[in-house]
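J.: Chain residues, written in single-letter form:
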Amino acid sequence: MSWEAVIGLEVHVQLATRSKLFAPVSATFGAEPNSQVTALCAALPGTLPVVNRRAVELALTAGLAVDGELARTSRFARKHYFYPDLPKGYQISQYDRPLFTGGRVRFPLGERGGWRDCRLKRIHVEEDAGKLIHAGDFSLVDLNRAGTPLVEIVTEPDLATGEEAGAFLRYLRRLLRHLEVSDCNMEEGSLRCDANVSVRRAGDSALGTRAEVKNMNSFRFVERAIAAEIERQVGRRESGRAVVQETRLFDEATGGTRAMRGKEEADDYRYFPDPDLPPLVVGGEWAEAIRRGLPELPGPAQERYETELGLSRDYAAQLAGTRETLDWFEEVLAAGAEAGTAAALVVQYLLPEAGRREVPVSELPLSAATVAAIAERVDDERLTKRLARRLIEESLAGDEAPAAILARLEADAASAAEGLAAVVERVLAEHPGPVAEYRAGKTKTLGFLIGRALAASGEGADPVEVRRALLAALRADG
Amino acid sequence: MTRPRDDTPHLAPGQAEKIARLARLALSEQEAAGLQADLERILAHVAQLDEVDVAGVEPLAQPVPLDLPLRGDEPRPAGVRDELLEAAPDRERGHFRVPRVVDA
Amino acid sequence: MELTSLDVRTILGLLESGEASSVELTRAYLAAIERLDPRLNAFLAVTPERALERAAAADVAWREGEAGPLCGVPVSLKDMLLTRGVPTTAGSRILAGWAPPYDATAVARLEAAGAVVLGKTNQDEFGMGSSSENSAYGPVRHPTLPGRVPGGSSGGAAAAVAAGLSAAALGTDTGGSVRQPAAFTGLVGVKPTYGRVSRHGVVAYGSSLDQVGPIARTAWDAARLLEVIAGHDPADSTCWPAPPGAYCAAVEAPEGARGLTLGVPREFFVAGMEPAVEESVRAAVARLEEAGARVRPIRLPHTEYAVAAYYLIATAEASSNLARYDGVRFGPRGGDGETLLELYQRSRAEGFGAEVKRRILLGTFVLSAGYYEAYYLKAQKVRSLIRRDFELAFEEVDAILAPTAPTTAFRMGEKTGDPLTMYLADIFTVSPSLAGVPALSTPCGADAEGAPVGLQMIAPWFEEERLLRLAGAWERVRDGGAP
Numbered sequence: 001m002s003w004e005a006v007i008g009l010e011v012h013v014q015l016a017t018r019s020k021l022f023a024p025v026s027a028t029f030g031a032e033p034n035s036q037v038t039a040l041c042a043a044l045p046g047t048l049p050v051v052n053r054r055a056v057e058l059a060l061t062a063g064l065a066v067d068g069e070l071a072r073t074s075r076f077a078r079k080h081y082f083y084p085d086l087p088k089g090y091q092i093s094q095y096d097r098p099l100f101t102g103g104r105v106r107f108p109l110g111e112r113g114g115w116r117d118c119r120l121k122r123i124h125v126e127e128d129a130g131k132l133i134h135a136g137d138f139s140l141v142d143l144n145r146a147g148t149p150l151v152e153i154v155t156e157p158d159l160a161t162g163e164e165a166g167a168f169l170r171y172l173r174r175l176l177r178h179l180e181v182s183d184c185n186m187e188e189g190s191l192r193c194d195a196n197v198s199v200r201r202a203g204d205s206a207l208g209t210r211a212e213v214k215n216m217n218s219f220r221f222v223e224r225a226i227a228a229e230i231e232r233q234v235g236r237r238e239s240g241r242a243v244v245q246e247t248r249l250f251d252e253a254t255g256g257t258r259a260m261r262g263k264e265e266a267d268d269y270r271y272f273p274d275p276d277l278p279p280l281v282v283g284g285e286w287a288e289a290i291r292r293g294l295p296e297l298p299g300p301a302q303e304r305y306e307t308e309l310g311l312s313r314d315y316a317a318q319l320a321g322t323r324e325t326l327d328w329f330e331e332v333l334a335a336g337a338e339a340g341t342a343a344a345l346v347v348q349y350l351l352p353e354a355g356r357r358e359v360p361v362s363e364l365p366l367s368a369a370t371v372a373a374i375a376e377r378v379d380d381e382r383l384t385k386r387l388a389r390r391l392i393e394e395s396l397a398g399d400e401a402p403a404a405i406l407a408r409l410e411a412d413a414a415s416a417a418e419g420l421a422a423v424v425e426r427v428l429a430e431h432p433g434p435v436a437e438y439r440a441g442k443t444k445t446l447g448f449l450i451g452r453a454l455a456a457s458g459e460g461a462d463p464v465e466v467r468r469a470l471l472a473a474l475r476a477d478g
Numbered sequence: 001m002t003r004p005r006d007d008t009p010h011l012a013p014g015q016a017e018k019i020a021r022l023a024r025l026a027l028s029e030q031e032a033a034g035l036q037a038d039l040e041r042i043l044a045h046v047a048q049l050d051e052v053d054v055a056g057v058e059p060l061a062q063p064v065p066l067d068l069p070l071r072g073d074e075p076r077p078a079g080v081r082d083e084l085l086e087a088a089p090d091r092e093r094g095h096f097r098v099p100r101v102v103d104a
Numbered sequence: 001m002e003l004t005s006l007d008v009r010t011i012l013g014l015l016e017s018g019e020a021s022s023v024e025l026t027r028a029y030l031a032a033i034e035r036l037d038p039r040l041n042a043f044l045a046v047t048p049e050r051a052l053e054r055a056a057a058a059d060v061a062w063r064e065g066e067a068g069p070l071c072g073v074p075v076s077l078k079d080m081l082l083t084r085g086v087p088t089t090a091g092s093r094i095l096a097g098w099a100p101p102y103d104a105t106a107v108a109r110l111e112a113a114g115a116v117v118l119g120k121t122n123q124d125e126f127g128m129g130s131s132s133e134n135s136a137y138g139p140v141r142h143p144t145l146p147g148r149v150p151g152g153s154s155g156g157a158a159a160a161v162a163a164g165l166s167a168a169a170l171g172t173d174t175g176g177s178v179r180q181p182a183a184f185t186g187l188v189g190v191k192p193t194y195g196r197v198s199r200h201g202v203v204a205y206g207s208s209l210d211q212v213g214p215i216a217r218t219a220w221d222a223a224r225l226l227e228v229i230a231g232h233d234p235a236d237s238t239c240w241p242a243p244p245g246a247y248c249a250a251v252e253a254p255e256g257a258r259g260l261t262l263g264v265p266r267e268f269f270v271a272g273m274e275p276a277v278e279e280s281v282r283a284a285v286a287r288l289e290e291a292g293a294r295v296r297p298i299r300l301p302h303t304e305y306a307v308a309a310y311y312l313i314a315t316a317e318a319s320s321n322l323a324r325y326d327g328v329r330f331g332p333r334g335g336d337g338e339t340l341l342e343l344y345q346r347s348r349a350e351g352f353g354a355e356v357k358r359r360i361l362l363g364t365f366v367l368s369a370g371y372y373e374a375y376y377l378k379a380q381k382v383r384s385l386i387r388r389d390f391e392l393a394f395e396e397v398d399a400i401l402a403p404t405a406p407t408t409a410f411r412m413g414e415k416t417g418d419p420l421t422m423y424l425a426d427i428f429t430v431s432p433s434l435a436g437v438p439a440l441s442t443p444c445g446a447d448a449e450g451a452p453v454g455l456q457m458i459a460p461w462f463e464e465e466r467l468l469r470l471a472g473a474w475e476r477v478r479d480g481g482a483p
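Protein chains in written order, with the working numbering: chain A, 1 to 478; chain B, 1 to 104; chain C, 1 to 483.
One chain only, chain A, in its complex shape (with noise of 0.2 Å):
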């Protein structure tokens, strides 16, 4: 009796802008406390929200990007409850008319290859609520992060397993920096993630009842947090008891889920429209300027690299990996490179460099022409993989100008190869046996030559280029 698993995930995202949602002060993590909040941030009487731009804009972006309905006419709402992080009393947020309904997310399945879809049920706009730290017997409260903008995206229960999640929760991430929508970065609690989880039977349509699990502050906790629910829940199913609707914590001692303390009955938010706020309505040229000006995604692009390039799932993944990357290899293949040998070069080579160098690879001393060039000679012929690994390393390191050290690499290599042909004479002659055998059809003495022609020609001699010699003199005398 195997089960399925069936889970959506509420991601709140925090939005990449200068000012907070509804006051005109800056939100930059980790400032002294209490020093970015205004008079509205803290709930003084009298206060009134000014809805930002920008954040509306991002949050546009974002519904755009994921195919999500756009609401033309959408409300702000206020969800009410009392905690010290939210100084008002209530969240302003969206309820029965958000800024975007459905959508889909397309996001690749790990190593193996292979992609999901995961639909979307809604994205909104909300502000962020302050921060608590606990001293002793009490709580201290910190706003400055209250009234951040925040985007909610909430999932169908398309997903089935924690893995997936993971995966979904990666690329998600991927697509919002790839856009600049926000940094996604969990550790600073940009980005923040929510599974509802429920189990059924195999072939079940019914949903079994759910738990939502939260307390999960990175990727690998959110995969396993639900892998842990999921057997909890079956064993529970198993034994005959039932799961209860509950919110859970994970705990990342135990790597299991608990039951949270202190949720007397269930929180009754009064949600109504915010009376401060008239309807945001966006108007369609606004919201198509947005979608014309929506760059490739990275999720279709990896697919083409994929597809049409023949690129594998690794190459594919970290040339589409941002979007610096992504422009910058496009601009390497309109250069004229092929594809599978600048793909090589590019991951082989420049984007360890990059990676070292903490620079995205459009800012190395290389330009896309260049490597393009390198690769095409690669391509046909006129460059070994090693000389072109040497020519890449060599530009990245000097400022000697590319073209220059071709010239004197391909020198190098010119006389290298009068040397090396003038060692292959030699062994020839110094081994007539091996070299008749070789005549005659026995080519396994190859190996031989090639091994005396290495020795005699000294180190730092490419054995590529030592074998093609050997045999074009081989066969010529022949």
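Be a bit skeptical, because a hint or two may be false.
Unchecked claim - Footprint (simulated), chain A over chain B, 3 or more residues, beta carbon under 8 Å:
id	stretch
1	53-66
2	69-77
3	81-87
4	91-100
Claimed, not checked - Some chain A residues flagged as far from chain B (calculated, every beta-carbon gap over 12 Å):
id	residue
5	Arg-18
6	Glu-57
7	Glu-69
8	Asp-137
9	Arg-170
10	Arg-224
11	Gly-240
12	Val-281
13	Glu-288
14	Glu-331
15	Gly-340
16	Ala-344
17	Arg-382
18	Arg-439
19	Ala-440
To be verified - For lysine-lysine, the following DSBU-like pairs were computed, each having C-alpha atoms within a straight-line distance of at most 30 Å:
id	chain 1	residue 1	chain 2	residue 2
20	A	Lys-131	B	Lys-18
21	A	Lys-79	A	Lys-131
22	A	Lys-214	B	Lys-18
Calculated directly from the structure, the hints in this document are not laboratory data.
Remember, predicted model here, so these are calculated numbers, not experimental data.
All C-beta atoms in this analysis are idealised placements derived from N, C-alpha and C, irrespective of residue type, glycine included.
Once you've looked at the hints, dock chains B and C against the given chain A.
T.: Same frame as chain A, now just chains B and C:
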């Protein structure tokens, strides 16, 4: 003036107390009873709205037709930190202070 | 003529000609406050030094020809309006001793125009009431009618102007809180169109209803104050994006009432009204007709449901707007609560008065799960119908005339026993608030004991100029001048 027309109870017994907890208001026994009676009578009067046929009527979104104005994304210094903290009834190390919050 | 009974227009004339100085005028008002306010309890805070400083500056401005539109005029502000550095309580213990770090937009504009703020006036707590008996700082007394209320919730503002303790005042009006006290004290009180005046820095009661409005001795004075405080404010997303109108000029419009069609709604003359009120209002209507206005009966069919709809919507918004008062960030904190829950419950229980608690409970109930559709949503639908009544009426008429309140100033304690009868006192002022239309009250007579009767004038959205033109015309008719 209009008479309350409806005397079926609108509140369950002790409901005023439940609402008070939702609204974080500590009520004495006697206050709760008094408020329960007041609410009951007000809701009896309000029941007259049942007569109004609102079929097909949209709830009023706002008194005057106005779209949400949007402001630029320019942060300004908050500039009220000291006044805020000074006004706080209890504070510690630049934070507002409250009794420990019991959560996870 | 006592200095402290002059209207603003006369004051400005004397200041301009130099016959009087703002310092002299301000001293006279401060002395009157000292003499009369202990009995009236109209003021919660008086700021003499600050007032005299600004009066001196005003006198300099007059001498240097840089006088603003209210330069040197001593005014008072209802304690719902935030004043930077000056305690602002909204008539509640929960804000006792709290001085805001910023001014309300309306206050800033008033002071930029040169007005001299004498202090903050007493009111029903958080604007919730119709008699100013719900203040945590004691009731306000009617200045001329012993044992009667000045009306509410801007009772202190009205009493101050009527008793000569300030030349004019700002109040706030959610369901009639400027118009009704003006009617009870024989003054002019204006509730602008919703969004005409910024709510930034105004303690919120019913966010979709609240408006700041002037209380003054004449239509011209009210018009001048409105010209100063109205106009777009980017700090309030519900504030109408347009500059203020030429309200003073409108008051003096020579055509007066001629050419205006005025509607008199049948639903505003109900059983149980005080006869003197009905007679005075009908007499005023007749005199305006003589002065050239066309008068015709109209229907506002959903008026009887306005009080019920108002109390569901306003209390729902109030329960939300007052959630921030939790004893954590400002104001007094409730007794030594061990837990956070106790801190909230005690701070709010000790900080709020009975009427505020009643409305918070009603509003919380109205929004709570299972009741939202039946109560809040239904009330918002009825509000649409009330608004449509006015739309249809204004297709037929230019303005509407009605009583401001069903009675003259009632006795203190008369309605405090039963909240419902207090609510019903607002029966004629809540429907214009729900519709968002501008409305004012102006005196039109008195009962046998001299208790003033208010005539309510209602105009279409953003037609404050037409409203004040009609008010000016009425004053001239009433006071025997040319119609």
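J.: Hint by hint, say whether it matches the structure.
T.: Okay, the hints, checked on the actual structure:
{"no.": "1", "hint": "53-66", "in the structure": "holds (count 3)"}
{"no.": "2", "hint": "69-77", "in the structure": "holds (count 9)"}
{"no.": "3", "hint": "81-87", "in the structure": "holds (count 3)"}
{"no.": "4", "hint": "91-100", "in the structure": "holds (count 9)"}
{"no.": "5", "hint": "Arg-18", "in the structure": "violated (5 Å)"}
{"no.": "6", "hint": "Glu-57", "in the structure": "violated (9 Å)"}
{"no.": "7", "hint": "Glu-69", "in the structure": "holds (20 Å)"}
{"no.": "8", "hint": "Asp-137", "in the structure": "violated (5 Å)"}
{"no.": "9", "hint": "Arg-170", "in the structure": "holds (26 Å)"}
{"no.": "10", "hint": "Arg-224", "in the structure": "holds (17 Å)"}
{"no.": "11", "hint": "Gly-240", "in the structure": "holds (29 Å)"}
{"no.": "12", "hint": "Val-281", "in the structure": "violated (4 Å)"}
{"no.": "13", "hint": "Glu-288", "in the structure": "holds (18 Å)"}
{"no.": "14", "hint": "Glu-331", "in the structure": "holds (31 Å)"}
{"no.": "15", "hint": "Gly-340", "in the structure": "holds (43 Å)"}
{"no.": "16", "hint": "Ala-344", "in the structure": "holds (42 Å)"}
{"no.": "17", "hint": "Arg-382", "in the structure": "holds (52 Å)"}
{"no.": "18", "hint": "Arg-439", "in the structure": "holds (78 Å)"}
{"no.": "19", "hint": "Ala-440", "in the structure": "holds (81 Å)"}
{"no.": "20", "hint": "Lys-131(A) <-> Lys-18(B)", "in the structure": "holds (29 Å)"}
{"no.": "21", "hint": "Lys-79(A) <-> Lys-131(A)", "in the structure": "holds (18 Å)"}
{"no.": "22", "hint": "Lys-214(A) <-> Lys-18(B)", "in the structure": "holds (28 Å)"}
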